[in-house]
Structure formats: structure tokens, C-alpha cells
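Take these sequences, add in the hints, and give me the full structure.
Taken in sequence, the protein lines are chains Y and R.
Under this note's numbering, the first residue of the first sequence carries the number 1, and numbering increases by one thereafter.
Under this note's numbering, the first residue of the second sequence carries the number 1, and numbering increases by one thereafter.
Hints in this document: simulated from the structure, not taken from any laboratory.
Treat the hints with care, since some could be wrong.
[What the hints assert, rightly or not] Once the Cα atoms are required to be at most 27 Å apart in a straight line, the calculated DSS-like pairs of lysine-lysine come out as:
hint: 1; chain 1: R; residue 1: Lys67; chain 2: R; residue 2: Lys133
hint: 2; chain 1: R; residue 1: Lys9; chain 2: R; residue 2: Lys71
hint: 3; chain 1: Y; residue 1: Lys108; chain 2: Y; residue 2: Lys75
hint: 4; chain 1: Y; residue 1: Lys130; chain 2: R; residue 2: Lys134
hint: 5; chain 1: Y; residue 1: Lys136; chain 2: R; residue 2: Lys36
hint: 6; chain 1: Y; residue 1: Lys75; chain 2: Y; residue 2: Lys88
hint: 7; chain 1: Y; residue 1: Lys70; chain 2: Y; residue 2: Lys31
hint: 8; chain 1: Y; residue 1: Lys68; chain 2: Y; residue 2: Lys31
hint: 9; chain 1: Y; residue 1: Lys95; chain 2: R; residue 2: Lys67
hint: 10; chain 1: Y; residue 1: Lys108; chain 2: R; residue 2: Lys134
hint: 11; chain 1: R; residue 1: Lys9; chain 2: Y; residue 2: Lys108
hint: 12; chain 1: Y; residue 1: Lys108; chain 2: Y; residue 2: Lys88
hint: 13; chain 1: Y; residue 1: Lys136; chain 2: R; residue 2: Lys4
hint: 14; chain 1: Y; residue 1: Lys68; chain 2: R; residue 2: Lys66
hint: 15; chain 1: Y; residue 1: Lys88; chain 2: R; residue 2: Lys134
hint: 16; chain 1: Y; residue 1: Lys140; chain 2: Y; residue 2: Lys70
hint: 17; chain 1: Y; residue 1: Lys95; chain 2: R; residue 2: Lys133
hint: 18; chain 1: Y; residue 1: Lys95; chain 2: R; residue 2: Lys66
hint: 19; chain 1: Y; residue 1: Lys140; chain 2: R; residue 2: Lys4
hint: 20; chain 1: R; residue 1: Lys71; chain 2: Y; residue 2: Lys108
hint: 21; chain 1: Y; residue 1: Lys136; chain 2: R; residue 2: Lys133
hint: 22; chain 1: Y; residue 1: Lys95; chain 2: R; residue 2: Lys9
hint: 23; chain 1: R; residue 1: Lys4; chain 2: Y; residue 2: Lys95
hint: 24; chain 1: Y; residue 1: Lys62; chain 2: Y; residue 2: Lys31
hint: 25; chain 1: R; residue 1: Lys133; chain 2: Y; residue 2: Lys140
Because the structure is a prediction, the values reported are computed rather than measured.
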Amino acid sequence: MTKIERGEPERVEIFCHALSDEVREIVAFVKSRRGQLTGTLDDRQYEVPVTDIFYIESVDNKVFLYTKDKVYETKQKIYEFESMLQEKYFLRVSKSMLLNLMKVEAIKPALNGRFSAVLRSGEQVIITRKYVPALKRALKGDFGA
Amino acid sequence: MSLKEFIEKRVKLFFILSVMILIAQAIIGTIAAPGKSLHIRYIDLLSPLYMAGLCILPTVVTYSRKKLTAKQMLVRHAIQLVLIEGVMMLIAFTSDAIDSSRPAVLLLIGGAVLLIYVLAVLFLWLGQVSESKKMTAQLHQLQQNAERNETD
Chain Y
1 MTKIERGEPE RVEIFCHALS DEVREIVAFV KSRRGQLTGT LDDRQYEVPV
51 TDIFYIESVD NKVFLYTKDK VYETKQKIYE FESMLQEKYF LRVSKSMLLN
101 LMKVEAIKPA LNGRFSAVLR SGEQVIITRK YVPALKRALK GDFGA
Chain R
1 MSLKEFIEKR VKLFFILSVM ILIAQAIIGT IAAPGKSLHI RYIDLLSPLY
51 MAGLCILPTV VTYSRKKLTA KQMLVRHAIQ LVLIEGVMML IAFTSDAIDS
101 SRPAVLLLIG GAVLLIYVLA VLFLWLGQVS ESKKMTAQLH QLQQNAERNE
151 TD
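See below:
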């Protein structure tokens with residue numbers, strides 16, 4: 001760590017032997033702190049602003065970032081994003097989904113004691129009963145486990 | 001749904017059913033035997049409670065650790081309703097206080113069970129609607145606070 005002058009841009013450099021999962025995790029963390037996540041779409045990599053992401057979902061061992069009209073694949077795991085994006089108001093609402101609470105328009109009751117979140121895109125996602133207590137705590141500002 | 005959540009929901013349903021069975025008994029009695037006074041033992045005052053308890057038992061068919069689809073849930077609710085109707089008919093045929101020889105009485109009981117079932121589902125649904133409205137209000141407050149923090 002080197003302290004730099006105020007005018008100089010802050011940067012992080014990583015020196016590694018191989019681009020392992022741990023390194024990718026560190027890179028993703030740094031990017032998320034900057035407010036961006038890396039996603040792949042049509043074999044091209046994009047820096048996706050966290051504030052544009054509606055939810056992150058794991059489907060068949062692949063993780064996808066959903067924005068209003070695009071879906072990006074990412075190498076990160078859902079659990080890695082969970083703690084990383086907590087302060088960006090992302091919350092786990094089912095076993096396979098992290099929801100950006102800033103993109104939720106309303107919460108409505110669904111069948112079988114569950115709730116559904118109506119997103120600002122008009123899409124609805126299910127909040128399973130197990131995660132409702134954590135959601136209630138988060139709505140009161142407590143994002144802890 | 002976990003077993004704990006399922007039990008919590010059943011306890012809530014038990015109290016809703018107890019009240020509604022008591023009301024149904026009064027209404028059915030007034031229709032089937034108007035003007036007739038009741039001579040009951042104190043223990044009989046508990047009948048809405050044990051009837052509600054017996055009606056709760058068939059609700060076990062709606063319990064599942066796995067997520068059920070809307071269609072699966074509707075089928076299970078239909079089975080549950082048939083079982084509850086069966087329980088109430090069994091009570092009607094075995095109880096001395098109920099004149100099960102009169103088809104009108106059985107029809108009233110069957111209708112009351114259906115009505116109570118629909119009302120119980122409705123009350124639980126309304127509870128969830130009110131809970132979701134409260135959560136939506138808290139969500140909007142959280143979003144406003146977050147936006148305010150960003151602009152500061």
C-alpha cells in the first residue's frame with residue numbers, strides 16, 4: 001500500500017502467477033466497490049454498473065446479471081456477491097437469487113405463503129418464505145446475516 | 001415452507017376457525033331450530049375448539065418442504081377441503097346434538113364448512129396483503145434514505 005497525492009488517481013495492482021478463482025474474487029470485489037461488475041454477453045466482456053442490475057440469479061450452475069433489458073453471464077458465485085453487494089442493497093430472496101432492493105417497485109403476496117417483488121421493469125420475482133424475515137430486517141435498515 | 005412456519009400458520013388458522021365455527025353453529029342452529037333453547041354442559045362450550053382442531057388435521061396435506069407450483073397447491077387445497085368436509089360429516093353423524101337424519105342440516109353443515117374454508121383462506125390472504133403493504137411502505141422509505149445518502 002502506497003499513499004499517493006490527492007490529485008493522482010487511486011489504483012489497485014495485482015501481481016499473480018495465474019488468474020485463479022481467488023484472484024477473480026478480489027478483482028470482482030474491487031470492481032464492485034467501484035460500482036461495477038464484469039459480465040459476458042455474446043462473447044464480449046462488459047463492465048456493468050451495479051446500479052443497473054435488477055437481480056443476480058444462478059441457473060444450472062451459471063450465474064447471470066439481469067439489467068432492464070440485458071442478461072450478462074458472470075464467473076462469480078452467488079454467495080460471493082451476497083456479502084460483496086450487501087451495502088449496495090442487494091439481498092438474497094431465494095436460494096438462487098440476489099435482489100437489488102433499489103429496483104423493487106412493490107411487494108405483493110403470492111401463493112403458498114410466499115411474497116413476490118414487482119420490479120421497476122414490470123417483472124415479478126418470488127421471495128421465498130425462508131428469506132422473508134431477513135427481508136423485513138433489511139427494510140428496517142439491518143442488512144446483517 | 002419449514003415445519004416451524006407451517007405450524008405457526010396452523011395455529012393462526014386454528015383460532016380463526018374456532019371463532020368461525022362458533023358463529024356457524026349459532027347461525028345453523030337459528031336456521032334449523034329457530035326459537036329452540038340449548039341445554040348443554042359446560043364442556044360442550046369447547047366444541048368449536050375441538051372441531052377446529054379436527055379440521056386442522058387434514059391441512060397437513062398442504063405441507064411440503066419443496067416449493068409447490070400453483071397447480072399442485074390448488075390440488076392439495078381441494079383434497080384438504082374434501083377431507084375437512086369428511087371430518088365435519090363424521091362429527092355430524094356421531095354427535096347426539098346434531099340431527100343428521102335431516103338432509104337440510106347436513107347441507108347446511110356442508111355449506112358452512114365451504115363458507116368457513118373460503119373465509120379462512122380470505123382472512124389469511126388479507127393478512128398477507130396488509131403485511132406486503134407495510135413492507136412496500138418500508139421499502140420506499142429505504143429507497144428514499146439511500147437516494148438521500150447518495151446525494152449527500
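For each hint, the structure was consulted:
Annotation: proposed proximity of lysine 67/R to lysine 133/R holds, straight-line Cα distance about 24 Å (limit 27 Å). For a cut-off of 27 Å, the pair hint linking lysine 9/R to lysine 71/R stands: about 21 Å separates their Cα positions. A threshold of 27 Å between alpha carbons decides the hint, and for lysine 108/Y with lysine 75/Y the separation of about 32 Å lies outside it, so the pair is violated. Taking the CA atoms of lysine 130/Y and lysine 134/R, the gap is about 18 Å. The hint holds against a cut of 27 Å.
Distance hint between lysine 136/Y and lysine 36/R is unfulfilled; the C-alpha atoms sit about 52 Å from each other, more than 27 Å. Restraint check for lysine 75/Y and lysine 88/Y: the C-alpha separation of about 20 Å stays at or below 27 Å, so the hint holds. For the hint pairing lysine 70/Y with lysine 31/Y, the CA-to-CA distance comes to about 20 Å; that is within 27 Å, so the pair holds. Restraint check: the Cα-Cα separation between lysine 68/Y and lysine 31/Y comes to about 21 Å, which is no more than 27 Å; the hinted pair holds.
The hinted pair formed by lysine 95/Y and lysine 67/R meets the criterion: a straight-line CA distance of about 11 Å does not exceed 27 Å. As the CA atoms of lysine 108/Y and lysine 134/R are separated by approximately 10 Å, the hinted pair is consistent with the 27 Å bound. Our distance criterion of 27 Å between C-alpha atoms is met by lysine 9/R and lysine 108/Y, whose separation comes to about 18 Å. The straight-line distance between the Cα atoms of lysine 108/Y and lysine 88/Y is roughly 23 Å, inside the 27 Å bound, and the hint therefore holds.
Simply put, lysine 136/Y and lysine 4/R have alpha-carbon atoms about 18 Å apart, close enough for the 27 Å limit, and the pair holds. Straight-line distance between C-alpha atoms of lysine 68/Y and lysine 66/R comes to about 30 Å, which puts the hinted pair past the 27 Å bound. Annotation: proposed proximity of lysine 88/Y to lysine 134/R holds, straight-line Cα distance about 22 Å (limit 27 Å). With a C-alpha separation of about 31 Å, the suggested pair lysine 140/Y and lysine 70/Y falls outside the 27 Å cut-off, and the hint is violated.
Distance hint between lysine 95/Y and lysine 133/R is fulfilled; the C-alpha atoms sit about 24 Å from each other, no more than 27 Å. Proposed proximity of lysine 95/Y and lysine 66/R is supported: the alpha carbons are some 12 Å apart, at most 27 Å. Using a Cα cut-off of 27 Å, the hinted pair lysine 140/Y and lysine 4/R holds, with the two alpha carbons roughly 24 Å apart. Only pairs whose Cα atoms come within 27 Å are accepted, and lysine 71/R paired with lysine 108/Y is accepted, the gap being roughly 19 Å.
Taking the CA atoms of lysine 136/Y and lysine 133/R, the gap is near 12 Å; set against the 27 Å cutoff, the hint holds. Distance restraint check for lysine 95/Y and lysine 9/R: the Cα-Cα separation of roughly 22 Å lies within the 27 Å cut-off, and the hinted pair is therefore satisfied. A distance of roughly 19 Å separates the Cα atoms of lysine 4/R and lysine 95/Y; the hinted pair therefore holds under the 27 Å criterion. For the suggested pair lysine 62/Y and lysine 31/Y, the alpha carbons sit about 20 Å apart, so the restraint of at most 27 Å is met.
A hinted pair counts as satisfied when its Cα atoms are at most 27 Å apart, and lysine 133/R with lysine 140/Y qualifies at roughly 14 Å.
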